[in-house]
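Same order as they appear, the protein sequences are chains L and P.
Just so we're aligned: 138 in my numbering is position 110 of the first sequence, and the numbers increase by one with no gaps anywhere.
Just so we're aligned: 231 in my numbering is position 3 of the second sequence, and the numbers increase by one with no gaps anywhere.
Source of the hints: derived by calculation from the structure; they are not laboratory data.
Predicted model only: the values in this text are computed from it and were never measured.
A couple of the hints might just be wrong.
What the hints assert, rightly or not - Straight-line alpha carbon distances no greater than 20 Å define the calculated SDA-like cross-link-like pairs of lysine to any residue that follow: (1) L:Lys59 / P:Lys259; (2) P:Lys302 / L:Asp129; (3) L:Lys91 / L:His80.
As the list claims (entries may be wrong) - Short derived list, chain L residues pointing at chain P, Cβ under 10 Å: (4) Tyr69; (5) Leu76; (6) Gly78; (7) His80; (8) Arg81; (9) Val84; (10) Ala85; (11) Thr108.
Glycine residues also receive a C-beta, built at the ideal position from the N, C-alpha and C atoms.
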Amino acid sequence: MSFEPEELSREEVQETVEETIEHNEVALFMKGTELMPQCGYSRKALGLIGQHRDDVATVDVLKATDDYRAALSEYSGRETIPQTSVDGEFVGGSDILEQLDENGDLAETLNA
Amino acid sequence: MDAHEVEARIESELTDAAATVSTPRDPDDDKHYAVEVVSSAFEGESLVDQHQLVHDALGEHLTRDIHAIELTTKTPE
Chain L
29 MSFEPEELSR EEVQETVEET IEHNEVALFM KGTELMPQCG YSRKALGLIG QHRDDVATVD
89 VLKATDDYRA ALSEYSGRET IPQTSVDGEF VGGSDILEQL DENGDLAETL NA
Chain P
229 MDAHEVEARI ESELTDAAAT VSTPRDPDDD KHYAVEVVSS AFEGESLVDQ HQLVHDALGE
289 HLTRDIHAIE LTTKTPE
C-alpha cells in the first residue's frame, strides 16, 4: 500500500462515483477520510449517518476535488461536498441530513 | 461575495423570496454563510428540491466564491 498522493484521471473519478453509488446502500462523498474529516460539514454528515449506520462507504474527494465536483454534479445536479446517496438516490448535504434528523426521519431515509 | 449580494441573488431568483444571511463563524468571514430562505417557490417541493432551488440561484458562486452555506428553507406561513 502506498501513501503517496494518488493521481486520478477524470475517467477514474467518474467511475469511482458511479460504482460507489451503485454498489453501496449508503455512500458519502466527503472532504477527508472517516478517521480524519477535513471539513466541518463533512464531519457533521459522517456523524449523523453514523448514528444509524456503521456501513457507510466514504469517498475522499480531496484527491481530485474539481473532477469529483464535475462527476457528482452530473449525478445530483450539485457540486457541493458532502453529498449522501442511499440506494442510488441523492439524499443531500449536511443541512438536509440535519433537518431529517431533527424531524425524526433520518433513520428511515438511511434504511436503518 | 458578501452577505447582501447572497441575499439579493436568492431574492431575485426565487418567487416571493425573503432571504436572511448571517455569518455563523466570524462577521468578516465571506466564505461561510448561514442562509434562511422563505419562499412560496418551495411549496410542494421535497427538502432536497427546495435546497436545489437555492443552489441553482447561487449558481457557480457556490463552491467558487463561497465555500459553504448552512441552508434552512421554509414556505410562507
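Checklist entry - Per the CB criterion, is Thr108 of chain L less than 10 Å away from chain P? => result Cβ of Thr108 of chain L sits 6 Å from chain P, so the hint holds.
Checklist entry - Holds or violated: is the Cβ of His80 of chain L closer than 10 Å to a Cβ in chain P? => result 17 Å, violated
Checklist entry - Taking only the CA atoms, is the gap from Lys59 of chain L to Lys259 of chain P under or equal to 20 Å? => result Holds. Lys59 of chain L to Lys259 of chain P sits at ~16 Å (cutoff 20 Å).
Item to check | Minimum beta-carbon distance criterion (10 Å), Tyr69 of chain L to chain P | outcome: 6 Å, holds
Item to check | Leu76 of chain L as chain P interface residue, shortest Cβ-Cβ below 10 Å | outcome: With a closest approach of 14 Å, the Leu76 of chain L hint is violated.
Checklist entry - Going straight from one Cα to the other, do Lys91 of chain L and His80 of chain L come out at no more than 20 Å? => result 27 Å, violated
Checklist entry - Hint check: is the beta carbon of Arg81 of chain L less than 10 Å from a beta carbon of chain P? => result 19 Å, violated
Checklist entry - Taking 20 Å as the top limit, are the C-alpha atoms of Lys302 of chain P and Asp129 of chain L close enough? => result 17 Å, holds
Checklist entry - Is the hint on Ala85 of chain L kept, meaning its closest Cβ partner in chain P is under 10 Å away? => result 20 Å, violated
Checklist entry - Per the CB criterion, is Gly78 of chain L less than 10 Å away from chain P? => result With a minimum Cβ separation of about 20 Å from chain P (threshold 10 Å), the hint on Gly78 of chain L is violated.
Item to check | Given hint Val84 of chain L near chain P, where the shortest CB pair must fall under 10 Å | outcome: It is violated, given that the least Cβ distance between Val84 of chain L and chain P is near 18 Å, above 10 Å.
The structure shown violates the earlier hints numbered 3, 5, 6, 7, 8, 9, 10.
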